[in-house]
Amino acid sequence: MPLLLLGVATMAFLLSNFVKGDPLASILNERQMDNPQVVAAAKARWGLDKPIPERYAIYLANLAQGDLGVSFRTKRPVMRDLLDRLPATLELVFAAMVFGSVAGTAIGVVAAHWRNGPIDHGARLVALIGSSVPVFWSSLIALYIFSVKLAWVPGPGRLDAALAAPPPVTGFYTVDALIAGDWGTFLNALSYLVLPAIMLGWAVMGIISRMIRASMLDVMQQDFIMTARAKGAGTWRILLRHALRNAMVPALTIIGFSFAYLVTGAILTETVFSWPGIGSYAVNAARSLDHPAIIGVTLLGALAFLIANLATDIAYVFANPRIRLS
Amino acid sequence: MAPEIRRKPRPGSALGLLAAAAVTTLALAVPSQAQAQGDTIVIARDTDFNTLDPSRSWCDSCQIYLTAVYDQLVRIGKDNETLEPRLASEWSVSDDGKTYSFTLDPKATFSDGSPVEAGDVAFSLMRLKTLKAGASFLADGIESIDTPDAKTVVVHLAAPDPEFLGKVSSPYGAIVNADLVKEHGGTAGPDADKTDQGEAWLLENSAGSGAYVLESYRPDDELRLAANPNYWREAPAAGAIVMREVQDAVSQMQMLQSGGADIAMQIDPDTAETVGSPDVVTELVPSFNFVYIALSPGAKDLEVPLGPKVREAIGLAIDYDGLLEVTTGGAADLIASPVPTGFPGTKDLPMPAQDVDKARALLAEAGLGDGFTLVAAYPETNIYGVDLTIMMQKVQQDLAKVNIDVKLEPVTFAVWRERVGGDHIPLTAVYYAPDYYGSGQYANYFGMVPESPWYGRAGGETAEGLANGRMAELLEEVRTAAPEDAAELYHEMALEMIADRVIIPLVNPKLVLAYRKGIEGVRYAVCCNLPLEELSKQ
Numbered sequence: 001m002p003l004l005l006l007g008v009a010t011m012a013f014l015l016s017n018f019v020k021g022d023p024l025a026s027i028l029n030e031r032q033m034d035n036p037q038v039v040a041a042a043k044a045r046w047g048l049d050k051p052i053p054e055r056y057a058i059y060l061a062n063l064a065q066g067d068l069g070v071s072f073r074t075k076r077p078v079m080r081d082l083l084d085r086l087p088a089t090l091e092l093v094f095a096a097m098v099f100g101s102v103a104g105t106a107i108g109v110v111a112a113h114w115r116n117g118p119i120d121h122g123a124r125l126v127a128l129i130g131s132s133v134p135v136f137w138s139s140l141i142a143l144y145i146f147s148v149k150l151a152w153v154p155g156p157g158r159l160d161a162a163l164a165a166p167p168p169v170t171g172f173y174t175v176d177a178l179i180a181g182d183w184g185t186f187l188n189a190l191s192y193l194v195l196p197a198i199m200l201g202w203a204v205m206g207i208i209s210r211m212i213r214a215s216m217l218d219v220m221q222q223d224f225i226m227t228a229r230a231k232g233a234g235t236w237r238i239l240l241r242h243a244l245r246n247a248m249v250p251a252l253t254i255i256g257f258s259f260a261y262l263v264t265g266a267i268l269t270e271t272v273f274s275w276p277g278i279g280s281y282a283v284n285a286a287r288s289l290d291h292p293a294i295i296g297v298t299l300l301g302a303l304a305f306l307i308a309n310l311a312t313d314i315a316y317v318f319a320n321p322r323i324r325l326s
Numbered sequence: 001m002a003p004e005i006r007r008k009p010r011p012g013s014a015l016g017l018l019a020a021a022a023v024t025t026l027a028l029a030v031p032s033q034a035q036a037q038g039d040t041i042v043i044a045r046d047t048d049f050n051t052l053d054p055s056r057s058w059c060d061s062c063q064i065y066l067t068a069v070y071d072q073l074v075r076i077g078k079d080n081e082t083l084e085p086r087l088a089s090e091w092s093v094s095d096d097g098k099t100y101s102f103t104l105d106p107k108a109t110f111s112d113g114s115p116v117e118a119g120d121v122a123f124s125l126m127r128l129k130t131l132k133a134g135a136s137f138l139a140d141g142i143e144s145i146d147t148p149d150a151k152t153v154v155v156h157l158a159a160p161d162p163e164f165l166g167k168v169s170s171p172y173g174a175i176v177n178a179d180l181v182k183e184h185g186g187t188a189g190p191d192a193d194k195t196d197q198g199e200a201w202l203l204e205n206s207a208g209s210g211a212y213v214l215e216s217y218r219p220d221d222e223l224r225l226a227a228n229p230n231y232w233r234e235a236p237a238a239g240a241i242v243m244r245e246v247q248d249a250v251s252q253m254q255m256l257q258s259g260g261a262d263i264a265m266q267i268d269p270d271t272a273e274t275v276g277s278p279d280v281v282t283e284l285v286p287s288f289n290f291v292y293i294a295l296s297p298g299a300k301d302l303e304v305p306l307g308p309k310v311r312e313a314i315g316l317a318i319d320y321d322g323l324l325e326v327t328t329g330g331a332a333d334l335i336a337s338p339v340p341t342g343f344p345g346t347k348d349l350p351m352p353a354q355d356v357d358k359a360r361a362l363l364a365e366a367g368l369g370d371g372f373t374l375v376a377a378y379p380e381t382n383i384y385g386v387d388l389t390i391m392m393q394k395v396q397q398d399l400a401k402v403n404i405d406v407k408l409e410p411v412t413f414a415v416w417r418e419r420v421g422g423d424h425i426p427l428t429a430v431y432y433a434p435d436y437y438g439s440g441q442y443a444n445y446f447g448m449v450p451e452s453p454w455y456g457r458a459g460g461e462t463a464e465g466l467a468n469g470r471m472a473e474l475l476e477e478v479r480t481a482a483p484e485d486a487a488e489l490y491h492e493m494a495l496e497m498i499a500d501r502v503i504i505p506l507v508n509p510k511l512v513l514a515y516r517k518g519i520e521g522v523r524y525a526v527c528c529n530l531p532l533e534e535l536s537k538q
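Sequence lines, in order, name chains L and C. Going by my numbering, the first residue of the first sequence is number 1, and it counts up by one from there. Going by my numbering, the first residue of the second sequence is number 1, and it counts up by one from there.
Looking at chain L on its own, in the form it has when it is part of the complex:
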């Protein structure tokens, strides 16, 4: 893993440094960019006056100590920026995964049981819309309907402006509010979380429901299901206890990989819902050629994917005891 991360860091460093564009554009104002004195001062301050190999060596030396540098844009340490924003993204992604997995599994089981009926067709339509409609568009429509027209949920943001964020423990506002025993803040944070999580998790729900449906139909043809029926087990017991557990194994792969989708989808969702997470940070970093922030986000993304793959492998073992990690 360290070698992989070193490779990612090197690629990100090289790409961000060789991409067309002047990073001073994010440091200096347009009026000052033609002032040689100001340009020289800015280059010296941010180390941009040094040759790239020297900058790379300094970067790696700092990285080894956990120092990702200072963001050109926010002027704060990138590590701090990432740690400030990561909980917001993880809270959104986890909530979206929970919604997508639970709702997708439920719909998949029901669609398999009543296959080719109206429920199955309806589930297919929901899945199709979820995976084909651009999330920024569906999010804006959902905001208009559920926030502006129906006032069921608040608008963009993470918490009411009048409320203070709960004392940070995990960085998840919902969890931290519960830990603090502050139900008002918990419900408020939850009300802000529900719509972006549903919109982000919708596509995953669609994919999982189709995967569960197909697996369920396959499993339901197998001998042990016949045996369970012969022993007099009820329909729902067969579906949930016997069939679903086996059908979950391929779906776990999708749930694991959906993490990748959710993290990338979060970029757009965070922008529409003004969710202060890694996604919006990445967009702003890329727009302003903020080298330290771009490399930091890239490294964090690589790390997240590695951990997600590992977690998926471990989940296999729990879902199917015949699989062993070697």
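No lab work stands behind these hints: they were computed from the structure. Think of the CB as a built atom: it goes at the ideal place given N, C-alpha and C, for glycine as much as any other residue. Some hints here could point you the wrong way.
[Said to hold, decoys possible] Stretches of chain L that chain C covers, calculated by requiring three or more beta carbons in the stretch to come under 8 angstroms of a beta carbon on chain C: (1) 15 to 28; (2) 274 to 283.
[To be verified] In silico DSS-like pairs for lysine-lysine, Cα to Cα no more than 30 angstroms straight-line: (3) C:Lys151 to C:Lys78; (4) C:Lys537 to C:Lys107; (5) C:Lys78 to L:Lys149; (6) C:Lys129 to L:Lys75; (7) L:Lys20 to C:Lys151; (8) L:Lys43 to C:Lys407; (9) L:Lys20 to C:Lys194; (10) C:Lys182 to L:Lys43; (11) C:Lys182 to L:Lys75; (12) C:Lys309 to C:Lys407; (13) L:Lys43 to C:Lys129; (14) C:Lys358 to L:Lys20; (15) C:Lys194 to C:Lys182; (16) L:Lys20 to C:Lys407; (17) L:Lys149 to C:Lys537; (18) C:Lys358 to C:Lys300; (19) C:Lys358 to L:Lys75; (20) C:Lys98 to C:Lys151; (21) C:Lys300 to C:Lys194; (22) C:Lys300 to C:Lys347; (23) L:Lys50 to C:Lys194.
Following the hints, complete the assembly by docking chain C onto the known chain L.
Using the frame of chain L, we list chain C on its own:
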């Protein structure tokens, strides 16, 4: 509390699973509590903070912050024109125009209760100059500052500058509590650009004497201000201001409609027209911002020379009225010169008008009747409600009528910056908002004189005959001119810039003020976009 959230389906019931998903979804959708409450005013804005350190700041959001949290020596009044006392209760200028003396208001105190003294002013202005960052050019002319006593500041300039008061009235002329900033690494010494460490502290704390103090700042999330308990002037009506990061205009409007925000700051005219809520007020007001195209006769990537006749032809080929319609739906004004209408010297300037026949004739005279190709690279952005791509597509259509084939190349700002300063760009588009009230900033920035940024970008060092001698004379004359004569000189400078046809202003967009009913004091100010201390909530 919301017992449905914890309700579990009976094991073995698939319908229960579905029901759980539905119930959870609905139960979570608790009624909105998002109404901004009490005397807290919530502003939805696509913020562009580059820092909160006054001497390193440079952005529209910074201007709002710096006038709310800090005071300047003087400030522009509500008429967007007249200078009014702030920290300085009186001031005078020497006969040679090189020495400005300020007497500080004895009542002025910082938010920690300590008095504002001459040393604080000297430290703040010198730090602005020596950091060589942010708006340091505003203080470039300062040679030295004397502080004969705690309440008197004497600023010596290297050369006369009739706009010096305008410059110190800018938000970047913010006066900081010198002791506090020094204690946290700030310095105003000659090597401040290498040694100053004050920014990290100023990103989390404020050290001003303004109506508000910084409570917290989370980049890309929110800026929270609280009323200054030791404010030396009339206390602001709102106890707290929260500036929420909302990038998208539609999201800003939805937040306003749902009550999640009290003020939305970047609603474009098209979005404003979609407002159906009786609780939301929208107003269109004139602004001093403008969007322009610029020609570079010295660009490397030129197919034909962009001589005076060709530049004039390009200016005449453009359908200015059509551009206002296409870019803002008509919610904009024409602008005569690269100086905003309303600034000194802009009265009675001739407005641009399309004349395709004359444009064709000029091109024919230049031997280019059959046309040519022009590369147009510009930052791909939407600024002040104007989408530069849409604007440039209209310019492309207009120039096609005189056989000029414009190749559009939308690029990121970082790439644009590299190209405009490197090989230069034959035709580009960009924008400008005032730094302070005064026409000198425009003459010095856009005028075809060797020191101006646009002279360099237009390739003045290689393009023959681009330097405007009369412009240089006028800039010299205005240094020592009486204020009543300065406007006349700026008028002549505006005419010179129109004749140069290097900078062709196209759109002066109106600003949409959008806020909820009951919010008072929302106005566009040349000093700072939105003066927060004037806001109140009924």
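Structure-based check of all given hints:
| no. | hint | verdict |
| --- | --- | --- |
| 1 | 15 to 28 | holds (count 9) |
| 2 | 274 to 283 | holds (count 4) |
| 3 | C:Lys151 to C:Lys78 | 27 angstroms, holds |
| 4 | C:Lys537 to C:Lys107 | 28 angstroms, holds |
| 5 | C:Lys78 to L:Lys149 | 37 angstroms, violated |
| 6 | C:Lys129 to L:Lys75 | 20 angstroms, holds |
| 7 | L:Lys20 to C:Lys151 | 51 angstroms, violated |
| 8 | L:Lys43 to C:Lys407 | 33 angstroms, violated |
| 9 | L:Lys20 to C:Lys194 | 28 angstroms, holds |
| 10 | C:Lys182 to L:Lys43 | 24 angstroms, holds |
| 11 | C:Lys182 to L:Lys75 | 19 angstroms, holds |
| 12 | C:Lys309 to C:Lys407 | 21 angstroms, holds |
| 13 | L:Lys43 to C:Lys129 | 17 angstroms, holds |
| 14 | C:Lys358 to L:Lys20 | 40 angstroms, violated |
| 15 | C:Lys194 to C:Lys182 | 15 angstroms, holds |
| 16 | L:Lys20 to C:Lys407 | 20 angstroms, holds |
| 17 | L:Lys149 to C:Lys537 | 24 angstroms, holds |
| 18 | C:Lys358 to C:Lys300 | 28 angstroms, holds |
| 19 | C:Lys358 to L:Lys75 | 52 angstroms, violated |
| 20 | C:Lys98 to C:Lys151 | 20 angstroms, holds |
| 21 | C:Lys300 to C:Lys194 | 36 angstroms, violated |
| 22 | C:Lys300 to C:Lys347 | 37 angstroms, violated |
| 23 | L:Lys50 to C:Lys194 | 15 angstroms, holds |
Figure legend: structure checked against the earlier numbered hints; hints not met, in rising order: 5, 7, 8, 14, 19, 21, 22.
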